[in-house]
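Q: Protein chains in written order, with the working numbering: chain A, 2 to 366; chain B, 2 to 366; chain C, 2 to 366; chain D, 2 to 366.
These are computed hints drawn from the structure, not numbers from a lab.
A pair counts as met if it fits within one copy or between any two copies, since identical chains are not told apart.
Here are the simulated lysine to any residue pairs, SDA-like style, with alpha carbons at most 20 Å apart: (1) 344 - 31; (2) 344 - 140; (3) 69 - 316.
Single-letter residue listing:
4 protein chains.
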Amino acid sequence: AANALPTPTNPAPDILRCAYMDLVVTDLAASREFYVDVLGLHVTEEDDEAIYLRSTEEFIHHNLVLRKGPVAAVAAFSYRVRTPGDLDKAVAFYTELGCRVERRPEGFTKGIGDSVRVEDPLGFPYEFFYQTEHVERLSWRYDLQTPGELVRLDHFNQVTPDVPRAVRHYQDLGFRVTEDIQDEDGVVYAAWMRRKPTVHDTAATGGDGPRMHHVAFATHEKHNILAICDKLGALRRSDAIERGPGRHGVSNAFYLYLRDPDGHRVEIYTQDYYTGDPDNPVITWDVHDNQRRDWWGNPVVPSWYTEASLVLDLDGKPQPVVARTDASEMAVTIGADGFSYTKDETDASSLPSWKMGEYKLGHQL
Amino acid sequence: AANALPTPTNPAPDILRCAYMDLVVTDLAASREFYVDVLGLHVTEEDDEAIYLRSTEEFIHHNLVLRKGPVAAVAAFSYRVRTPGDLDKAVAFYTELGCRVERRPEGFTKGIGDSVRVEDPLGFPYEFFYQTEHVERLSWRYDLQTPGELVRLDHFNQVTPDVPRAVRHYQDLGFRVTEDIQDEDGVVYAAWMRRKPTVHDTAATGGDGPRMHHVAFATHEKHNILAICDKLGALRRSDAIERGPGRHGVSNAFYLYLRDPDGHRVEIYTQDYYTGDPDNPVITWDVHDNQRRDWWGNPVVPSWYTEASLVLDLDGKPQPVVARTDASEMAVTIGADGFSYTKDETDASSLPSWKMGEYKLGHQL
Amino acid sequence: AANALPTPTNPAPDILRCAYMDLVVTDLAASREFYVDVLGLHVTEEDDEAIYLRSTEEFIHHNLVLRKGPVAAVAAFSYRVRTPGDLDKAVAFYTELGCRVERRPEGFTKGIGDSVRVEDPLGFPYEFFYQTEHVERLSWRYDLQTPGELVRLDHFNQVTPDVPRAVRHYQDLGFRVTEDIQDEDGVVYAAWMRRKPTVHDTAATGGDGPRMHHVAFATHEKHNILAICDKLGALRRSDAIERGPGRHGVSNAFYLYLRDPDGHRVEIYTQDYYTGDPDNPVITWDVHDNQRRDWWGNPVVPSWYTEASLVLDLDGKPQPVVARTDASEMAVTIGADGFSYTKDETDASSLPSWKMGEYKLGHQL
Amino acid sequence: AANALPTPTNPAPDILRCAYMDLVVTDLAASREFYVDVLGLHVTEEDDEAIYLRSTEEFIHHNLVLRKGPVAAVAAFSYRVRTPGDLDKAVAFYTELGCRVERRPEGFTKGIGDSVRVEDPLGFPYEFFYQTEHVERLSWRYDLQTPGELVRLDHFNQVTPDVPRAVRHYQDLGFRVTEDIQDEDGVVYAAWMRRKPTVHDTAATGGDGPRMHHVAFATHEKHNILAICDKLGALRRSDAIERGPGRHGVSNAFYLYLRDPDGHRVEIYTQDYYTGDPDNPVITWDVHDNQRRDWWGNPVVPSWYTEASLVLDLDGKPQPVVARTDASEMAVTIGADGFSYTKDETDASSLPSWKMGEYKLGHQL
Ligand SMILES: [Ca+2]
Ligand SMILES: [Fe+2]
Ligand SMILES: [Fe+2]
Ligand SMILES: [Fe+2]
Ligand SMILES: [Fe+2]
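This is chain A alone, in the form it adopts within the complex (with noise of 0.2 Å):
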């Protein structure tokens, strides 16, 4: 495409896995009684100014940093690389693209050490490092665990203009597509990316961006994800369910998305697929199948397409926000002029009043 980003002449970081989120929040004592009394992420360590969280199975310092901020958004997208030495190949990679780059050999977070911090080419703060302070694995700890426990960070999602674009971008330093949205014109919706072998470390959904679309965490099993929701409901905090639980088609995990007391939108989400082999079959899904984003052709709730988290750029300041040019995903399937079909395209139009939402009914009033 004309717009194209270059590949880097410059190999790019050997990154392992979705490791963080940096994330601004505008109370952190309204953030913390959040993630730690309600979705009970164990605090690592705290001070006034940040928290920082982890999930039961991790031996890293945290997955989750609390920072208190003026602007609720995201200051990190951040990756751990295989190799100290693979943080001279991010600086080369994005030194190469034209991105401001930032390294600190002190990490911009406690527990971390020598991070590489970006502004990448699609306006999102990128983060890099090898060096960690390890701390106990909760796996084994039974005694501190929740109905709802959260076991893993599982991936980013961010949302984006022009998703083909941030694909290939995404591709060149090292990511993997294993499942996209596509429409018969080859209009790309979203699209899912790995490093770690499952479904994705991160997603590119279309919008306008750069923003934060979520962050996901993994249970082990879908009881977990409902006792959340149970739980929501006794502390009569229900507003905070956004969407589901339900099941994905993309991807094929139990899924469950929340809103946390600034608007960040936090996925629960678990049992996706072993994506690790080179040849890993990828998955392209009609973005009039109502079943895509729901396997059980629940409606998409509006906000869930509209809103989305500001990003920072490296002194802290909310990026612009582009508009998206090419078809919105809720127009094409639950505007006016928008379709969705559950068995085949010949049904389209089909679908009984519970499945088409509620956009779709305030456009056909």
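Since the structure of chain A is already known, use the hints to place chains B, C and D with the ligands on it.
A: What follows is chains B, C and D with the ligands alone, placed relative to chain A:
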């Protein structure tokens, strides 16, 4: 109330539990596929006119009859009574109420003996029986079980215009109320009533009636219900999922609502609580409490409030439907002037968009 | 039988269900740690002498009393009756049987009013009551719940030398047998008896008695039981796990047996079946069927057969234990001359070594 | 060590993961019934000589070959490599080690192309391949799934006399140790080694070898494993359950061990943890820790320690078995002079009788 039904001087029959529904379907093959191939109910017996189905734990002949007929409707809500002598009581009880009563010593269906059918004072076809063929209880037949195994018939749900009138009558019949939904003016929107010590054997839901809202089967665990959804997705029949899965506020059970090929609504349900003590606490929910119908606050789809199945008189003709004159639950909660709150009344109308639902949104456009 | 207890002419009290066990423990702090901190039972009330605990769904004051005392034993198996008037019936019933009877209008424990305690004809301290303080039913309090949440008191289990004698007496008291274990000569090794429509409120297990074999609490799902095991492992208290988890043949429930700090046995149990119809089929298991006690054929440890708790008379003194004279289940199945089969009698003694169990192996060395 | 195998100068092939086991069975129909009808593995292809089976998520041709033969044994432990070129590396690597090597461009089994088989220095038949037919990944085929669905091949387990010698060799082949069991003198009883980022692709278990201890398949949830047990009970095949279900200490996974009609041991396994970081913490368990093999402290049956399957050389002849000379895990833990502790070493030998197991008991009689 002025229109209250009289309490008979003749004692009520001693009802054990809801036992089976006699359901008229328009396409026997399509219904068999749904209830047997998809839902996995076990066939006790079948012929060209009817299929007799039971759930795993059942030892009586059937919990559901699928009967071929011209109009999709309910032919009987059937209850088992404690002794053969309770049939005489049923005859006297309903005769005193001026109801049409028919007794057949050979039963109305295969596998069931001496039975009494009545057009009850609310217009519902009720059946009572004791005699039945015993069949194998399949609890230990794990070799036959599916991921979404239905283990018990749990309850019926009836739509009726005047809920307090219905409740009083069913209390005369020996039912006890366990939970209900009311508003600040004492309008009753629904009530749950039991004989066996669960939350209900039947419920009265306010609406145009008499109609059948749903029949419910229980699973052992929540994942069994999720498995039914997953299977419907695999069969590209997700349109059958009308509402849920979710957690009820009322009953505290985990639930799913399906629509069968004729539109009859089937609930899958698990894990309510023991109610067998005479002083079991009755729970009254505020109709504006957004967690009463779904503990997670997920919106109820309009069709769930408005659609229901016809019921038949003893000649097999559909009973005329009488309109509800009390306020409708949908109108007072998600209608133009309705409201719902999550935490307490003082935050009414503060629901985020994703909790308001399509009908509310439609009213707001 | 020659030694059969007479059936009283006075009618039996109408028992609703097993309600609580009054348990004497020697170290109140140690017991509190076990039942509250590990098992998560909820404290209704406590003082220096006793702790009153309940399960999630309970609305009566308690399901278990831990009472400090010099000898670990059971002070009462307590049942709730339908009406206050049933206490008069209890007095007359046991007085006619020549039993010691004590009635206390203020109750024997906190939170319970007018009560009758008796030394029953088999030597067990039985209690009956109707009056009780109502407390919050915690079913909706998911914020308080643990991964191994105990939701109901399910049943008691009593060791008694002559099982048919015990069964006949408890039938006189209104219990119905749901399942039992016999041999080809009609020797009865155990029987399960119910009031509420589950497999049992109590069971009679053949052995030296009167002793208390176990008290059982129910969870909602099987994973809740596994979570208790996992937590015990994390606390390095796995020695508390005596038998299981496993699937019962009898009752079809999923189970686990624990031993508390005094050695009292506690079962965790889930998912038996509805038994409320008067013609509920009784299941008789062959004592040599290796799947009767564990559906997976896993060996029963000898301690489970031989160890049990003392029971107290109404003065708080341990009842003397009378030896069983009928054959012992352990001897006829895994003893030197005993045998068990998996498929049918013709393959008796073909069990692989891993199914024989330590006692059988010990006899063979 | 004096007997250590040399590290080849030729680089090792880049192994992705354990891919399939080629298993010789003596009665193909009996094995088919076990693996297909009972365990629900999916048949990709079959003929009179062999059956090719896969798990739900698999897209390569098979994860298990059942091959008719005169002696029950393992014909190959097969691994997938990253590229076709890795086969050349495999040839060079093993040739340098002096091993017998055979390469077949058409593969050794249906559905697999160019392959290298070797008799590895420890006597195990190892295979490497890249080319394979892609088949349908059945993850979304919930209509085909059973309550005990096996979703992935997880790992192999090999019995070998000298564990450190084996570990060093497999490290040369590119494996990383994640956990092991040692005693205070440094004797190594078992070690777990991975390529894909789970706890293992294979493990070395100390014992007379080379033999195959087990092959393991993963389920999504723990209840799936329980469902397999329940089904075996229903089929009166519970004798196939050798050990478990239980929770491993090592790996933290939930497990079950079965024995197939030939006595080949199959593990069902779920929920270990991510190990893909190069500095993933290695966990060493004390052999005397009673929770190392079963986190709940339930005894390991002697057969689990002593019985295993033969492995074949490239001519299809059983490899001779060499006796272990190091201490045996069974002897040092439950043998006459062995001991195990639950909480810490200071309470060694304090195990209650139900935790000691049949072998320990036998030694004490
Ligand atoms: Ca589960
Ligand atoms: Fe996601
Ligand atoms: Fe219902
Ligand atoms: Fe029990
Ligand atoms: Fe294993």
